[in-house]
Amino acid sequence: MTKDLIATYFAAFNAGDPNGMLALVSDDVEHHVNQGAVRRGRAAFQEFCSHMGVSYRESLRDIVIFASDDSTRAAAEFVVHGEYLQTDPGLPAARGQRYTLPAGSFFTLEDGKITRITTYYNLTDWVAQVSA
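So for the sequence shown, UniProt numbering puts the first residue at 1; every next one is plus one.
Keep in mind the hints are simulated off the structure, nothing from the lab.
A few of these clues could be false.
[Claimed, not checked] Only pairs whose alpha carbons sit at most 20 Å apart, straight line, appear in this in silico SDA-like list of lysine to any residue:
(1) Lys113 to Gly20
(2) Lys3 to Phe66
(3) Lys113 to Asp4
(4) Lys113 to Thr72
Given the sequences, and given the hints that come with them, work out the whole structure.
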């Protein structure tokens, strides 16, 4: 069940369906992003998803999902295949650059909802790829 929930989350991500992702998170979800502040609550997560949909086109491949026996924690390893569409403040200028980046996410779950999402990737690697 836990692995299915996380697989559904990633399927919604790959389909470009932020509403599908939002349906799986709790109202008080905590979103810990790589190199950034923690976003708290569904509205902050929705804002992040909207921003990402404008600035980046990404698909996640080679997803492997792990889950704890008690169904309260999960993790996934995957490869991000993306295109940088619109310049993000403080980052290199976007010119449609493509990138491939290994990444991982960690989740906490409660009552069938995702309550925490923590994502890690190598920002230095990403900057080097889009700056080349």
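Please write out, lowest number first, the hints stated earlier that are contradicted by the structure. none
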